[in-house]
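Those sequence lines, one after another, are chains A and B.
If you're matching positions, the first sequence starts at 0 in numbering that gives the first Met the number 0 and goes up one per residue.
If you're matching positions, the second sequence starts at 0 in numbering that gives the first Met the number 0 and goes up one per residue.
Just so you know, the hints here were simulated from the structure itself, not pulled from any lab data.
Any given hint could turn out to be false.
What the hints assert, rightly or not - Estimated spans, in silico, between C-beta atoms of each pair:
#1 L189(A) <-> L198(B): 53 to 61 Å
#2 E50(A) <-> D64(B): 47 to 55 Å
#3 F168(A) <-> Q18(B): 35 to 43 Å
#4 Q24(A) <-> D51(B): 43 to 51 Å
#5 R87(A) <-> Q18(B): 18 to 26 Å
#6 R162(A) <-> Q163(B): 31 to 39 Å
#7 R54(A) <-> V263(B): 29 to 37 Å
#8 A209(B) <-> A129(A): 43 to 51 Å
#9 D64(B) <-> A129(A): 43 to 51 Å
#10 K199(B) <-> L189(A): 51 to 59 Å
#11 Q31(A) <-> P241(B): 42 to 50 Å
#12 A129(A) <-> P173(B): 36 to 44 Å
#13 A22(B) <-> P27(A): 53 to 61 Å
#14 E7(B) <-> A129(A): 23 to 31 Å
What the hints assert, rightly or not - Reference listing, derived: stretches of chain A covered by chain B, where coverage requires no fewer than 3 residues with Cβ under 8 Å from a Cβ of chain B:
#15 64-74
#16 87-94
Ideal Cβ placement from N, Cα and C applies to all residues, glycine included.
Okay, here's what each chain looks like letter by letter:
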Amino acid sequence: MTERPFLWVVAGSAGSFTPARQFVQEMPYRPQVAIVLCLHRMRKPRVPMIEAFSRIPYWQVVEPQDKDPIESGKVYLAPADYHLLVEREGYFSLSVDEPVHFSRPSIDVLLESVVEARWPRAGAVLLSGANRDGAWGLYLFHRAGYFTAVQDPQEAEVPTMPRAALELFTPNRLCKAHELVQVCLEALSL
Amino acid sequence: MLPEALPEIAEADLERFFQIMQAQFGYDFRGYAPASLKRRLGTVLKRYGLKDLHALNQRLLAQPDYGERFISEITVSTTELFRDPSAWVAFRLQALPLFAQAPHLRIWHVGASTGEEVLSMAILLKETGLYERAHLYATDIDTYSLAQAQRARYPLRLKNLYQQNFAAVLPGVPWQRYVKEEGNEMVFDPALLERVRFLKHNIVSEAPFASFEVVVCRNLLIYFTPALQDQVVTRLVDSLMPGGILMIGTKESLFWCAAAKRLVAVNETERIYRRRSL
Chain A
0 MTERPFLWVV AGSAGSFTPA RQFVQEMPYR PQVAIVLCLH RMRKPRVPMI
50 EAFSRIPYWQ VVEPQDKDPI ESGKVYLAPA DYHLLVEREG YFSLSVDEPV
100 HFSRPSIDVL LESVVEARWP RAGAVLLSGA NRDGAWGLYL FHRAGYFTAV
150 QDPQEAEVPT MPRAALELFT PNRLCKAHEL VQVCLEALSL
Chain B
0 MLPEALPEIA EADLERFFQI MQAQFGYDFR GYAPASLKRR LGTVLKRYGL
50 KDLHALNQRL LAQPDYGERF ISEITVSTTE LFRDPSAWVA FRLQALPLFA
100 QAPHLRIWHV GASTGEEVLS MAILLKETGL YERAHLYATD IDTYSLAQAQ
150 RARYPLRLKN LYQQNFAAVL PGVPWQRYVK EEGNEMVFDP ALLERVRFLK
200 HNIVSEAPFA SFEVVVCRNL LIYFTPALQD QVVTRLVDSL MPGGILMIGT
250 KESLFWCAAA KRLVAVNETE RIYRRRSL
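Start from the sequences, fold in the hints, and give me the full structure.
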């Protein structure tokens, strides 16, 4: 297996889609980086989310299949109705275990798996959302020494999710939606 | 401690867990994908109020009759009637016609869980007039789920979802033809199970028990490592008659499986494959 890419996780629920998409649109190419978007979504959407990511300049946007190797240069969209987990051996696993916080994919499940896998380099940002999925996972992630950022609840469309995280710990960065690229580049430079 | 917190799983305890499961109960969990297995173990520990995996290991050793219950806890029983309707539509249109003239149709549901999938198949077979020629086998390692499957009764709160899926696969077919309601349960027509046999079988360790025209194994492979996926898929393909159909989960892939060479895609998007003729 090749060198593990830096894993940048963008996570959120209600109100996170627009900032997440904006981020992927604007994020310049960097070698040895893989991006994972873990956004709660409707179980049976009218238009698949992947179609909203069809014109991204620098990155190949894909929905990972089970056991797909985690590769640089890709944006992975966590598929609807599956949990997405990272395995130490360098690939994704999917699961249909029970929803966590009524959510599948669950952000907690993904972030915990990155910690459990002891992925060499990673960072995560938690955006707007209407429940507390992701808060605990991001806390574990932070405690494991990874870079963490949380969207400022003042500007988040729905502040519940970022607030839940901030109640648990102080992330490396509190950021606005328009700063997501800058924050990611900052994490990469560490 | 927040409700989200799960007990941590120490590597040494995990190795001991593997040994106990193998020696006491004959289950080999070493080939299970670690991330989801560990999370699931954590969830079970929490449910039983056990502080770590060591405590669970002690319990498994002290109470051998706890094993079956534990297997039921650790396996994942998520399923639904006509889960992924588009896959079932493809199966109906592209796979079932291949067997229109076949004298018999042997179908194996691997990891049948609580039985919704074998019921989905039975309904399709009834609607296409193939049921009387079919022999259905539904297997799982979880005997609790299999017992539930044999009842063919499900909570009424699932009705909306099941009915929507049903209508997407079989538009115009009346739901009441197969389902009635009793109290807070949906009750499926017992005639659907007349040709179904429920058996305990572990695809990880046991060879197939027959040859089949159709093997359905959906969202089971995702719990395995690539190496175990390779072994299990070989086993599944071996169990297929030449020209037989394999259906797996729509996010599963045969990337790691050597036996994929013996298959051709009938519908790649919906993960429906056909075993090559010799």
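Going through the hints against the structure:
In this structure the hint that L189(A) and L198(B) lie 53 to 61 Å apart at CB holds, the actual value being about 55 Å. For the pair E50(A) and D64(B), the supplied restraint of 47 to 55 Å holds, since their beta-carbon distance comes to about 52 Å. For the pair F168(A) and Q18(B), the supplied restraint of 35 to 43 Å holds, since their beta-carbon distance comes to about 37 Å. Distance hint for Q24(A) and D51(B): a CB-CB separation of about 45 Å, consistent with the stated range 43 to 51 Å.
Separation of R87(A) from Q18(B) is about 21 Å and conforms to the stated range, judged on CB atoms against 18 to 26 Å. Under the hint 31 to 39 Å, the C-beta atoms of R162(A) and Q163(B), about 35 Å apart, fit the expected range. Judged by the Cβ atoms, the range 29 to 37 Å given for R54(A) and V263(B) holds: they are separated by roughly 34 Å. One distance hint, 43 to 51 Å for the beta-carbon pair A209(B) and A129(A), holds here, with the actual separation near 50 Å.
Remark: the range hint 43 to 51 Å for D64(B) to A129(A) is upheld by a beta-carbon distance near 44 Å. Take K199(B) and L189(A): their Cβ atoms lie about 52 Å apart, and the range 51 to 59 Å holds. In this structure the supplied range 42 to 50 Å holds for Q31(A) paired with P241(B), their Cβ-Cβ distance being about 46 Å. Hint check: A129(A) to P173(B), Cβ distance near 38 Å, so the stated range 36 to 44 Å holds.
With their beta carbons about 55 Å apart, A22(B) and P27(A) fall inside the hinted range of 53 to 61 Å. In this structure the supplied range 23 to 31 Å holds for E7(B) paired with A129(A), their Cβ-Cβ distance being about 29 Å. For a cut-off of 8 Å, the count of residues in the region 64-74 of chain A with a CB near a CB of chain B stands at 4, and the three-residue condition holds. Beta-carbon proximity to chain B at under 8 Å applies to 6 residues in the region 87-94 of chain A; the threshold of 3 is reached and the given coverage holds.
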